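Engineer: Each chain, written out:
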Amino acid sequence: MTDTPLDFGDPEDLERLRNDFRAWLAGHPLPERPADEPLPVFLHRWHRQLHSGGWVGLDVPEQYGGRGLTALHQVTVSDELGARGAPGVPRIGYLAHALLRFGSEEQRRRLLPRMLSGDDVWCQGFSEPGAGSDLAGMSTYAERRPEGHYIVNGQKLWTSYAQYSGLCLLLARTDRAAPAHASISAFVLPLDRPGVTVRPLRAANGDDEFCELFLDDVRLEESERIGAEGDGWPLAMTTVAYERNALDTGHLSKYGLLIERLRRAAHERRKLPDGLLSDIGRCAVDYQVLVAHARRRTAERLAGQSAGPESSVDKLLMTRAEQRLYETALKVFPEELYGEGGEVLGDYFYSRAASVYGGTSQIQRNIIAKRLLGLPVGPRA
Amino acid sequence: MERDEFTLVRDMLRAFATRFRSGSAGDIKAQTRTDAQRALDELGLSGLRRTSPPAATVQECALLAEEHGRQPLTTSLLGTALLAPELLRLLDLGERAGPVYGDRPTVALAGDLRFPDRDAVGLVAWDCDGADTALFVHGEGRVTEHELGAPAPTADLLRGVRRASAEGRPVGRLTPGAHQCWQAYALVVVASELVGAARSFVEQSVDYARERHQYGQPIGSFQAVQHQLADATVLVEACTSATRYAAWCLDSETPGRALTAARVAKAEVNSSAVEAVYAGMQVFGGIAQTWEHVAHLYLRRVLVGATTLATTPDLLTVLAAPEATR
Ligand SMILES: Cc1cc2nc3c(=O)[nH]c(=O)nc-3n(C[C@H](O)[C@H](O)[C@H](O)COP(=O)(O)OP(=O)(O)OC[C@H]3O[C@@H](n4cnc5c(N)ncnc54)[C@H](O)[C@@H]3O)c2cc1C
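One line per chain: the protein sequences are A and B, in this order. 37 is the number that the numbering used here gives to position 37 of the first sequence; each next residue is one higher, with no gaps. Take the position in the second sequence, starting the count at 1, then add 1000; the result is the number in the numbering used here.
If you're looking for bench data, these hints aren't it; they were derived computationally from the structure. Worth double-checking, as some hints may not be accurate.
[As the list claims (entries may be wrong)] Pairs of lysine to aspartate or glutamate residues, derived as EDC-like cross-links and limited to a Cα-Cα distance of at most 16 Å, are as follows: (1) Lys-331(A) - Glu-1292(B); (2) Lys-1029(B) - Glu-1203(B); (3) Lys-370(A) - Asp-1156(B); (4) Lys-1029(B) - Asp-1231(B); (5) Lys-331(A) - Glu-343(A); (6) Lys-331(A) - Glu-260(A); (7) Lys-331(A) - Asp-274(A); (8) Lys-331(A) - Glu-229(A); (9) Lys-370(A) - Glu-1292(B).
[Stated by the list, open to error] Chain B is faced by these chain A residues, among others (derived, beta-carbon under 8 Å): (10) Asp-3; (11) Ile-92; (12) Val-313; (13) Leu-373.
Remember, it's a predicted structure, so these values are computed and weren't measured experimentally. Backbone N, C-alpha and C define an ideal beta-carbon position, used for all residues, glycine too.
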């Protein structure tokens, strides 16, 4: 924590980038979405369009298809998209970082440009039926054969958008004897490989989001392993830290738009349920605090502080803002509950998952207690 | 200020605070108050915002207010060193109607400690250790000088509050922009002191959770305790981000934007600083329920602080209005 002044303002080059991006957006509006087009398919078209303008992977080095700028530049782009109510940049930042840090030079050159352009669509195969919070307890096993390749058996769960993906960042155990955190390895799994079955699961809001992934004697080559054997755990920790980051928040400005909608709706109505106005005010506070918080993180990053366990604080604040906002939205638009159920109801359901995905809220609290506050390890928690 | 200069000033204030902190409610006596105030005055901080351009940024002042809030202190840093001089500076930009007679003004607030909404009755001089007069900003930006009267009761045992004369001598009027700046600045400075208090008290309770043993182990190893402290930490971080950002807005953005950011910060602090102190007190258990323990000094400070200048309902109502109608 810094206790000297910080500069919360946008550096000049970010302002310039924002203007360039605005100009580009003016000539490249959001494509139409046909009624029967699944959201991920639509988002994929949008991803390609953004990439064609050079707006994906700004923080990835140029030799791997990016623009060699910083995470802040990427955030500026997401911000601008959110402010216009457009879908954000594809959330691949954390995958790209895992590859950058752990992949071989050959893998980075082969995989990253295709990831950024959308030629390859990726999903994340970490969680299992028996290993959610306790990810290290996973049992999917990649057995190394004397010839050098691996044979993988096991089951993954909650793999978001696997049905629309070509590649999966897969975690599997490569050693049954070693302690959990040293025995997990990471692989690139092509989902059309023999032995892979993808079964979509319907989410509470009715969308097909996540999947079950069955792996029966799936063959993976040694060249498909990312990093060394045993690198899977640190790789997973890198990706989740990025997922939780307050900076990776294109959806922030989306909250801002919804809040202004709630304010206007309340303003136009004659009679309001008790306390609704202060609920809306509270949502505005949550949102603006989040904006201030993201700016503070940015400023700290620019002042040379690196990202660490405090991303758990960021995630809890984000969850607080999102869940309270959609709870309030349902109070302002109760017809979402007795009518057909529109976008707000769908987003409301998704907000309930905010305290589960990317590590549950209790797990974030455990991380804060142990790693930020240095509280002692207790009886097995 | 240069970075080094700021660090120097902050460290001076920190050393002062460590020396003059009240270890318990029993330590708070007239003589110790006077001594502490004299020592603080010697640091010469009232010049930080008196000149134009000011010697310190709002963010620097906010950080000093945070530092002051970290320890139970009876001294008036806010009223006499940070708020009144800034008010005089802002007045210099508007119209002056008369001189200020006192040597060391603090600020006056409505009797309920809030910004006045109509012509306020029952003024009080707030944070007035070491002060000899009080400046009051009326709802429309008019500023008057008031005489100090008898001590007024307040639940915050550390804060000096006195009655102020109903009649005031005209001092001048703030321009509308300066009035917004004034409100934003006051909100930020008051909120910052509460952030310092909440952060420090949570840190003390984390330390306690490491040392205190029950069932043969530190209580900080119990998950129920850990989660309470983790939640308190999140709240303190939220308060910190919001107030420091609002302070920066005053240095760098329009008065209107700064005022919105300051209202957001005060609203966050009003509820979260109190919540965080509750969590810390729960971790201390029975000991925190005694008169001797510092816990209630912190609780009193954040509790009264949460109603000072603007209450949560005041702020949420404004923040719920559509942008266009504000
Ligand atoms: C919308 C969504 C998308 C997802 N996408 C993906 C994806 O793409 N890829 C992927 O790999 N995973 C994904 N996940 C899975 C997600 O990471 C897990 O659901 C999450 O880590 C929790 O695991 P679990 O569901 O098994 O719950 P469990 O771990 O069984 O937890 C159940 C309850 O017990 C609590 N609990 C568990 N352990 C502790 C502890 N030590 N201390 C205190 N409380 C504890 C939890 O907080 C929770 O409340 C997704 C989940 C959702 C909801």
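Engineer: All hints, please: hold or fail.
Structural biologist: So, going through the hints one by one against the coordinates:
no. : hint                      : verdict
1   : Lys-331(A) - Glu-1292(B)  : violated (46 Å)
2   : Lys-1029(B) - Glu-1203(B) : violated (27 Å)
3   : Lys-370(A) - Asp-1156(B)  : violated (34 Å)
4   : Lys-1029(B) - Asp-1231(B) : violated (35 Å)
5   : Lys-331(A) - Glu-343(A)   : holds (14 Å)
6   : Lys-331(A) - Glu-260(A)   : holds (15 Å)
7   : Lys-331(A) - Asp-274(A)   : holds (11 Å)
8   : Lys-331(A) - Glu-229(A)   : violated (51 Å)
9   : Lys-370(A) - Glu-1292(B)  : violated (31 Å)
10  : Asp-3                     : holds (6 Å)
11  : Ile-92                    : violated (27 Å)
12  : Val-313                   : holds (5 Å)
13  : Leu-373                   : holds (5 Å)
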